[in-house]
Amino acid sequence: MTRIQSLFEQKQEKILSIYCTAGFPQLDSTLKVMQALQENGADLIELGMPYSDPLADGPVIQESNTIALHNGMHLSLLFDQLRDMRKDIHIPVILMGYMNPVMQYGFEKFCSDAAAVGVDGLILPDLPDHAFETQYGAIMQRYGLDFIFLVTPETSEARIRKLDQLSSGFLYAVASSATTGNENNMSLVNAYLRRLSAMKLSNPLMVGFGISSGAHFAAVCEDVRGAIVGSAYIRTLLNNSDVSFATQQFMQQMRYV
Amino acid sequence: MLYANVEALRQSYLDIIADPAFQKDFHHLLRHYVGRPTPLFYASRLSSRLQTHIWLKREDLCHTGAHKINNTIGQILLAERMGKKRIIAETGAGQHGVATATVCALKGIECIVYMGEKDIERQAPNVARMRMLGAKVVPATSGSKTLKDATNEAIRDWINHADDTHYIIGSVVGPHPYPDMVATFQSVISEEIRNQMLKETGNDLPTHVVACVGGGSNAAGAFYHFLDEESVQLVAVEAAGEGITTGMSAATTQLGKPGILHGSMSLLMQTEDGQVVEPHSISAGLDYPGIGPLHAHLYESGRAKFVSATDSEAVAAAFELSKLEGIIPALETAHAFAVLDQLQLKPDDQVVVCLSGRGDKDLATYMQFMSDASSKEM
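Chains A and B, in that order, are what the protein sequence lines are. According to numbering that gives the first Met the number 0, the first sequence holds residues 0 to 256 in order. According to numbering that gives the first Met the number 0, the second sequence holds residues 0 to 377 in order.
Some clues are possibly wrong.
[What the hints assert, rightly or not] Here chain A is said to cover these stretches of chain B; the calculated rule only asks that three of the stretch's residues, wherever they fall, bring their Cβ under 8 Å from a Cβ of chain A:
1) 141-147
2) 150-164
3) 190-198
[Stated by the list, open to error] Residues from chain A that keep clear of chain B, each with C-beta distances beyond 12 Å, as calculated:
4) GLN11
5) GLN61
6) ARG85
Hints listed in this document are in silico derivations from the structure and should not be mistaken for laboratory results. Please read these numbers as outputs of a predicted model, since none were measured by experiment. For every residue, glycine included, the Cβ atom is placed at its ideal position computed from N, Cα and C.
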């Protein structure tokens, strides 16, 4: 059982996953941010690998990606930074990013290095399911990495079931079909999440995109196991250079309701 | 996340395009609205200068001043049949944005055009045209603030409005079926060239077809009906910018390697780490770090010859064409003329150059070179 799967075994509700960008706000702050998140009650970390053209992300996350790249972040350096990650970080860690940098690094080498430093799973929103089935899925399995697909309110039921079958760890429900950082109409979101929950999928459901406050988090947790918060946290780090303090404040606010 | 959008398009586009009623509407608009067939003009003074036979495929005479409208006519008819109420597009030089705003006005459909902030500054006349046609022009302020970023913003918009919106991509790039669909709509260019060459010379096959390539839509259209005619040398001209080795270039086949951008796998200008590189060209329409997958294939298979022209070579060629033939070409198009000297053309060659767009939109740039030249003369 992977670290992600154990988490969902042990904790039934209000699972909070926080997105942060590797090499942001400073090149060497990657681990510091992850530690601060763990200390302040994050259940899971989605660590973004910065990319020049992060199509599935909104402007706030793109800005953090641009800053991280400007700081000099790249994949080999990231794996160096994460080499001793598991001495301090005990919660599951998922790498999120885009196919092109991973492909240039070498997909199998990437999986092997990720597994070696203790990464538990991957989110690659521009990896099509047919490519996963024919080529890449087997490689991830070989290295024991979970792979999480995204579904949106536009995804058909048949396709949701298929992506659920292909995913492991959890299934990522995009709250609206919006790119990250947009405000959602919460009642529509809840209706969508209830529809997903009623499908009795094999993976636990986590919701992301537009979850920016403790109130949002509490509202979506009525229907699914937890949520992923990205842009709101990145915005906090953009506005406050003290990572420990900013993270503490942010996490209190998320868990408050 | 784009799956629902792209899948709906993929499942319907072939059937819709094949429908005789669609074809009738499409060809009616091409003839009476766009002004097709566009002339194939024998450029006698340029031919004597180059000691060969040069034919100009006059896409600059299309309504709105470039070939881009062939595709937007096709896609607006498709969008209408798919029941879409809102159109989005990306644009670099603004020609595709104008062509999209035009067909949206024609059909009374809402139009939003994403354009890099940098391109909005350097293509002011086209921005004004789009606005006059009723389109909303939204600046792309992320990344390099050019065509690639405008495309990112358009894709993000499409993710957010999957139901009611059709995305009219302007080039042979993006996820399937766009490269195929755009090439199909643009193939009218080479279909006409074959008919016109037959009438003019008794042979429907020229020896060369030359076209500029950013993403590659006018080249795809000009090459399309010659792809299986091995005797026809296809020449694709990329923008070398300030020079291929200067770091200020957009010559994708020379500088790129296989990569993924905007939903397709093709040649892509990128760093060793797979970050997409910001390209440079004096022409906003060629300022794209990738190239359509069809062109990547033509490059790798050797079916087309890929050459490049620098910013200054393109500008010089624009001035030469203006003086010799009385035609001011778009900066993009000027790149195709800039390489004619390097092609070692023979006296009996019949060379078709795709004159993809007119140069009105680039006058500000051309005027800078005129004032540079006159200050040197003084």
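Here is how each hint holds up against the structure:
Using a Cβ-Cβ cut-off of 8 Å, 3 residues of the region 141-147 of chain B lie near chain A, which meets the minimum of three, so the contact claim holds. Closer than 8 Å: that is the beta-carbon criterion, and the region 150-164 of chain B has 7 residues meeting it against chain A, so the requirement of 3 holds. Coverage of a stretch by a chain is defined here by at least three residues with a beta carbon nearer than 8 Å to that chain's beta carbons; for the region 190-198 of chain B and chain A the count is 0, and the condition is violated. Chain B leaves A/GLN11 outside its interface by the beta-carbon criterion, the shortest separation being 28 Å against a cut-off of 12 Å.
Not every beta carbon of chain B lies more than 12 Å from that of A/GLN61, the smallest distance being close to 5 Å; the non-interface claim is violated. For A/ARG85, the requirement that its beta carbon stay farther than 12 Å from each beta carbon of chain B is met, with the minimum near 25 Å.
Hint compliance for this structure: hints 3, 5 are not met, and every other hint is.
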